[in-house]
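Engineer: These are the residues of each chain, in order.
2 protein chains.
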Amino acid sequence: MSRADTERTGEALGIIAGGGVLPRLVAEAARADGQLPFVVAIADGIRSDWTPYESVKLPWSRTGDVFPILARRGIRRVVFCGTISVRPDYRSMIPSPRTLMMLPEILRMVRGGDDSLLRAVAGVFERRGIGVVAVHSVLHDVLTPAGSLTRRAPDKRDDLALRRAAHAAGEIGRLDVGQAVVASPDRVIALEGIEGTQAMLERVGALRAAGRIGRSEPCVLFKAFKPQQDERFDLPSIGRETIRQANAAGLRGIGLSAGRSLILEAGAVVEEADAAGMFVIGTSKTAEAEAP
Amino acid sequence: MSRADTERTGEALGIIAGGGVLPRLVAEAARADGQLPFVVAIADGIRSDWTPYESVKLPWSRTGDVFPILARRGIRRVVFCGTISVRPDYRSMIPSPRTLMMLPEILRMVRGGDDSLLRAVAGVFERRGIGVVAVHSVLHDVLTPAGSLTRRAPDKRDDLALRRAAHAAGEIGRLDVGQAVVASPDRVIALEGIEGTQAMLERVGALRAAGRIGRSEPCVLFKAFKPQQDERFDLPSIGRETIRQANAAGLRGIGLSAGRSLILEAGAVVEEADAAGMFVIGTSKTAEAEAP
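Residue numbers (UniProt numbering), protein chains in the order written: chain A, 1 to 292; chain B, 1 to 292.
Careful, some of the hints might be misleading.
Which copy is meant is left open, so a pair is good if it fits within one copy or across any two.
25 Å max Cα-Cα, derived SDA-like pairs, lysine to any residue [to be verified]:
(1) Lys156 x Leu107
(2) Lys156 x Arg87
(3) Lys285 x Gly129
(4) Lys285 x Arg174
(5) Lys285 x Ser55
(6) Lys57 x Arg215
(7) Lys156 x Ile106
These are computed hints drawn from the structure, not numbers from a lab.
Computed from a prediction, not measured in an experiment: that's the story for all the values here.
With these hints in hand, go ahead and build the complete structure from the sequences.
Structural biologist: Structure (structure tokens):
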């Protein structure tokens, strides 16, 4: 435990929690570090049970209430994590009074892709004196290391596919669209939009079943850090489900931006990938920037 | 009829035909011009009935046979048109002797996206003394004009969405992936990979039904010319089916690269769009290049 962590012992940490396994992992890590996690469930996170953690559920119409809630508990630091599949539609809801007060600020924010939205949200917190910390400053050992993590490493054709996918993923990331791309050595197969990685992988599986991907056309998934992204939130991530989905889509393996992406429950992820004969590899910034 | 056309009267034209309505429109136009169309059906085109035109069906394993077939008929000019949804998997087929002879050349070609594939195929024809002509040099009045074609024109928010979609479509086109993008004024919704425009529009419809697209989030489709593309083949195109699919996905309208995209059966397309209250607009090169 570093000195910074020690100083945080007993301090409250707000977890602005969407869906998926990540927010719970963050809460567990914060508690293990001696911090006091308080979960503010939003979006997909509202459907989860947050026991044993203290929590509140905030529908989009009550977004503005987050600040009095945090203030009442003396919370000065928050971490954003988890998936948000449905964006707020403020034009067709009845906001709480606090939310209504913030509505002009909120509506300006909703412009743009996920990354610009998250940066705007972070700004709203910071202007009110609440610090926004990165997931990996709470949840240690979750950043993807460089190099192959699995028994199987990419072969020459896989390397070509990884380079092609990484390059395309960087480009769509620059447009603040998705983070994920599936490619073969010959061509890009699928680009992630708002549907998310899981839906994209299901699409790849369907294309393969329909004969639209050759039997001898090895495909890989790459999830890339967006070049202009704030490293504190929405880093690309994979977990055990991603391995299962990628395997079902017939992929040979997965590449990630080393140091700027997350592997959730890495031990289980590598075990699952090894069992499926797949590779998982962290690649350097320079390798990603290269056109294939 | 221009002088060039007159000189072509009585001359044979090879139509290398994939799926969809385009190859038949090309054959009709060629015949109306006094040329003698001969259809070489490949890929998705093999499933069509080509009566009343002279035709031959070539599975991928017999690709190499196209040259003796054209030579026997004295055909010195071909036009490529129609969709190819399944790419050849030469590694797992038994090729005809002629195809086998060409296999090294063919396998080099299969590398890359659709555009690099088509350029390579055109090169193979040209090296054998066969000219490759553009669809719109046979089928006149099919190029998208600049400006709005429909009663409804895009409003200010639609314009924003069109700019966002056009910019993203140009970027993925540069990567030689898809040509089509769906966007709202706020963000990019979907990017076309190998699944094609129809499957992408079905995905957008499903995202809307699932509440992943806001009720007050107007979306548009843009199909863009790929910056590095050869204008002779695979220009982005729409037809009546595209209008129906876009309407089913809840889109407000469609934008296309003026002068570098095709509207098949334009009269019927505009009629169908007007009935659905949608816009169809051709936009200039400069408008596309701008970031939104």
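Engineer: A separate judgement is required for each hint: does it hold in the structure or not?
Structural biologist: Verification of the hints:
Taking the shortest Cα distances, Lys156 and Leu107 sit within 25 Å of each other only across copies (17 Å), while inside one copy they are farther apart (48 Å). Within a single copy, Lys156 and Arg87 get their C-alpha atoms only as close as 41 Å, which misses the 25 Å cut-off; across copies the closest is 22 Å, which meets it. In the homo-oligomer, the alpha carbons of Lys285 and Gly129 never lie at most 25 Å apart, since the shortest distance is 33 Å inside one protomer and 46 Å across protomers. When the C-alpha separation of Lys285 and Arg174 is checked against a cutoff of 25 Å, the pair qualifies both within a copy, at 14 Å, and between copies, at 21 Å.
In this assembly of identical chains, Lys285 and Ser55 lie within 25 Å of each other by CA distance neither inside one copy nor across copies; the values are 38 Å within and 52 Å between. Within a single copy, Lys57 and Arg215 get their C-alpha atoms only as close as 47 Å, which misses the 25 Å cut-off; across copies the closest is 24 Å, which meets it. Proximity of Lys156 to Ile106 under the C-alpha cut-off of 25 Å is restricted to the inter-copy arrangement: shortest distance 21 Å between copies versus 48 Å within a copy.
Consistency with the previously given hints fails for numbers 3 and 5, ordered from lowest to highest.
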